[in-house]
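Number of protein chains: 2
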Amino acid sequence: MTTKNFPQRYFLPEEEQPKSWLNIRAFMKNKPAPMLHPGTKQPITAADLEPVFCKACIGQELDETTEFIPIPDGILEFYRAYRPAPLIRAYFLEKALGTPAEIYYKHEGTNTSGSHKLNSAAAQAFYAKQDGLTGLTTETGAGQWGSAMAMACAFYGLDLTVYMVKVSAEQKPYRKALIETYGAELIPSPSSTTECGKKILEKDPNTSGSLGCAISEAIEKAVHTPKCRYVLGSVLNHVLLHQSIIGLECKIAFDKYGIKPDIIIGCAGGGSNLGGLIAPFAAEKLQGKSDARLIAVEPSSCPSLTEGKFDYDFGDTAQTTPLIKMYTLGCDFIPSSSHVGGLRYHGMNSTISQLYHDKILEARTAKQTEVFEAAVKFAKIEGILPAPESSHAIKIAIDEAMECKRSGEKKTILFGLTGTGYFDMSAYMQYNDKSMKD
Amino acid sequence: MTTKNFPQRYFLPEEEQPKSWLNIRAFMKNKPAPMLHPGTKQPITAADLEPVFCKACIGQELDETTEFIPIPDGILEFYRAYRPAPLIRAYFLEKALGTPAEIYYKHEGTNTSGSHKLNSAAAQAFYAKQDGLTGLTTETGAGQWGSAMAMACAFYGLDLTVYMVKVSAEQKPYRKALIETYGAELIPSPSSTTECGKKILEKDPNTSGSLGCAISEAIEKAVHTPKCRYVLGSVLNHVLLHQSIIGLECKIAFDKYGIKPDIIIGCAGGGSNLGGLIAPFAAEKLQGKSDARLIAVEPSSCPSLTEGKFDYDFGDTAQTTPLIKMYTLGCDFIPSSSHVGGLRYHGMNSTISQLYHDKILEARTAKQTEVFEAAVKFAKIEGILPAPESSHAIKIAIDEAMECKRSGEKKTILFGLTGTGYFDMSAYMQYNDKSMKD
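For the record, the sequence lines run as chains A and B. Residue numbers are given in my numbering: position 174 of the first sequence equals residue 179, and the series is strictly consecutive. Residue numbers are given in my numbering: position 40 of the second sequence equals residue 45, and the series is strictly consecutive.
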């Protein structure tokens with residue numbers, strides 16, 4: 006096949022954009038194990054989740070059989086405001102590496118929130134509005150998810166309270182400003198607005214906060230506010246479903262040009278970007294129609310797939326969520342604070358975990374300094390400053406392309422560029438002044 | 006004509022992208038007055054400029070007759086790495102305003118430097134490489150131009166020294182980090198690396214610096230470094246030429262859909278974005294083929310067109326540049342430091358000045374707080390956080406759309422969204438905490 010005519014930046018025309026999401030679980034013989042109620046240890050029901058989540062999201066969370074779920078018009082409308090995300094042929098990088106491999110990447114960072122998170126934020130805000138809710142709560146660590154939710158809530162006309170880990174709110178004033186510009190209330194966590202926040206502050210008034218604590222505050226606030234629910238930006242299966250738009254756009258474009266990727270690479274924290282990117286390719290593989298390699302890349306500091314245990318565990322450090330069967334480092338695992346980015350989650354989405362367990366998916370780790378070395382190289386050659394998270398995928402994509410150079414094989418590589426690093430320059434400052442550690 | 010089918014975000018396919026720049030001066034009966042040598046007061050010659058600028062740029066600066074100048078392949082190659090910039094139909098904004106007007110905007114902020122500046126940075130770096138140079142110097146105030154030059158020099162393999170106004174380097178650590186990540190040397194100005202910097206530091210060791218001083222340092226450094234020249238990001242006519250890619254992409258897309266804009270609006274500091282956006286539309290107007298209104302928007306704090314004098318003046322505060330016939334507030338004019346953004350220049354490009362003098366172009370002013378009010382409204386409705394500079398155009402575009410609502414006229418409005426505000430959130434922080442003044 007010839008792929009010479011693939012433009013450097015391909016944008017799917019509006020009329021060809023996907024109208025449905027793809028539910029990977031419907032293609033799996035071995036379904037992910039059900040979530041269990043933390044009290045009864047019985048499979049969770051829709052009724053269990055209703056005080057916390059929106060109805061449509063609960064339905065999607067529990068749906069293991071519908072292959073394609075139509076995207077409501079009200080969500081497609083918002084998607085048109087920032088999608089399609091370009092599918093880019095890395096001609097410059099290929100040339101610089103001298104590799105026979107063809108490298109493509111899907112750039113999800115062209116919206117103001119700076120990452121793929123907006124794909125699920127839009128859906129969750131839309132469904133909240135549909136349920137007649139007036140407000141939402143959430144937490145944010147690195148800030149991408151909080152920014153995305155603030156944008157989506159501004160668009161659909163919902164109040165939003167974002168509990169931002171206190172140290173992040175202090176270290177990332179630009180993220181805080183962005184979230185507030187979109188009209189959300191930003192509360193550094195722990196705070197005195199919740200009982201659990203107060204308790205933590207009593208114990209340690211100078212605590213810098215944690216994601217676990219911010220989650221607990223956001224859930225408490227949602228449960229105690231009328232017409233309000235809680236939203237989460239990763240880990241859950243309905244989030245993966247919304248993110249399938251990433252892979253579907255790639256698949257449609259590739260099919261038009263007769264391109265079949267041999268290797269598909271995504272970074273993995275909670276698993277939402279990876280699950281979205283691989284969705285249609287994993288479905289083909291599960292149907293025996295493809296033998297493409299699917300690779301998850303984790304930071305070596307937080308290796309849940311590669312070094313974790315495949316078992317039931319809590320989704321949060323405070324042990325309040327349902328139990329999820331997943332690869333986990335233990336819900337009390339906290340990676341070294343010298344490590345940056347949105348990949349610091351102790352566990353992994355249950356579908357991704359099952360695919361890894363069944364060897365549909367491989368996993369690799371990358372060290373922080375080599376990730377930033379790849380990031381800066383990529384920025385200079387391709388002209389896009391990547392998010393630290395995305396740079397894990399870049400690092401492994403370069404490794405695979407160099408392996409092709411050694412072997413002479415002309416493989417086709419696709420990786421997910423989940424976002425840009427524009428609001429998160431402090432990590433680059435560390436790298437530039439050589440104070441970054443592995 | 007029907008424009009119902011215009012997609013929300015239109016990307017010009019690669020094969021339809023412009024292959025030439027448009028030189029507005031070739032279409033003008035009244036050419037802009039020539040630049041004068043500051044010593045002899047005679048029209049400047051190519052030889053006068055050669056110690057400072059690259060050869061091709063000098064040729065373009067002095068060329069008043071060639072209508073279309075081919076873009077070299079080596080520049081088109083880099084353009085493909087971040088162009089086309091989307092032309093967006095503001096369906097959401099139209100609906101929110103309830104206006105019969107059709108509103109379009111050209112989004113030049115989708116590249117990592119965050120603005121249109123990269124269009125000229127790419128050209129100037131390419132020509133420097135072609136001249137056999139090894140290094141360039143420049144200055145940057147707000148940081149957009151410095152970021153763009155750092156990216157272009159990384160791509161073409163040139164050393165770059167950026168003199169950044171000291172107070173900006175301190176207030177915008179993320180801009181500094183971005184420029185350094187792309188491998189440029191960033192020197193807060195004034196510095197001890199130049200004679201003029203030393204003199205200023207002797208007088209006032211605690212000075213916060215100024216753009217005039219940074220320009221002087223960059224020129225001195227270029228002139229005293231072998232195989233090195235100086236590059237400037239606005240004001241000059243070769244910069245406007247490179248920026249004509251903005252308007253040309255709009256024109257090609259509009260022609261495909263049978264759209265004729267009635268009003269074209271751009272913010273104006275030195276004039277490069279405005280000149281680029283209006284280029285093909287001004288050419289039509291100068292040929293009597295169109296009566297579209299062309300509107301420059303200035304900050305009320307720096308109203309060079311609307312309140313300046315049309316006369317010869319220096320381009321810099323240090324009075325070292327050639328004399329330029331332009332609308333100017335006087336080369337010693339310094340707008341209040343409470344005002345933000347890249348529109349603080351005392352003068353205006355000579356072509357823009359002549360077009361305004363000849364009433365081809367209108368000019369309007371906008372106050373800072375009303376500009377940010379428009380910016381935040383736009384961000385919430387359209388989902389893109391605009392640069393403070395671009396928001397001047399947004400403010401007037403909204404005014405014109407509301408005028409259509411009053412009159413019932415269905416006009417077609419195009420404005421230039423020159424960039425995003427991602428690296429420049431401090432202004433939004435001021436607006437959010439209500440400490441911003443007019």
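Treat the hints loosely; a few may be bogus.
Treat identical chains as interchangeable: a pair holds within one or across any two.
[To be verified] Straight-line alpha carbon distances no greater than 25 angstroms define the calculated BS3-like cross-link-like pairs of lysine-lysine that follow:
#1 Lys208 to Lys439
#2 Lys290 to Lys330
#3 Lys134 to Lys314
#4 Lys265 to Lys314
#5 Lys314 to Lys46
#6 Lys46 to Lys261
Source of the hints: derived by calculation from the structure; they are not laboratory data.
Hint-by-hint comparison with the structure:
Within a single copy, Lys208 and Lys439 get their C-alpha atoms no closer than 36 angstroms, and across copies no closer than 35 angstroms, so neither meets the 25 angstroms cut-off. In this assembly of identical chains, Lys290 and Lys330 lie within 25 angstroms of each other by CA distance solely inside one copy; the values are 23 angstroms within and 67 angstroms between copies. Neither within a single protomer nor between protomers do Lys134 and Lys314 lie at most 25 angstroms apart by alpha-carbon distance, with minima of 38 angstroms and 55 angstroms respectively. For a Cα distance limit of 25 angstroms, the shortest separation of Lys265 from Lys314 qualifies neither inside one copy, at 33 angstroms, nor across copies, at 63 angstroms.
When the C-alpha separation of Lys314 and Lys46 is checked against a cutoff of 25 angstroms, the pair qualifies only within one copy, where the shortest distance is 19 angstroms, while the shortest distance between copies is 79 angstroms. Taking the closest pair of Cα atoms, Lys46 and Lys261 never come within 25 angstroms of each other, the shortest separation being 47 angstroms inside a single copy and 62 angstroms across copies.
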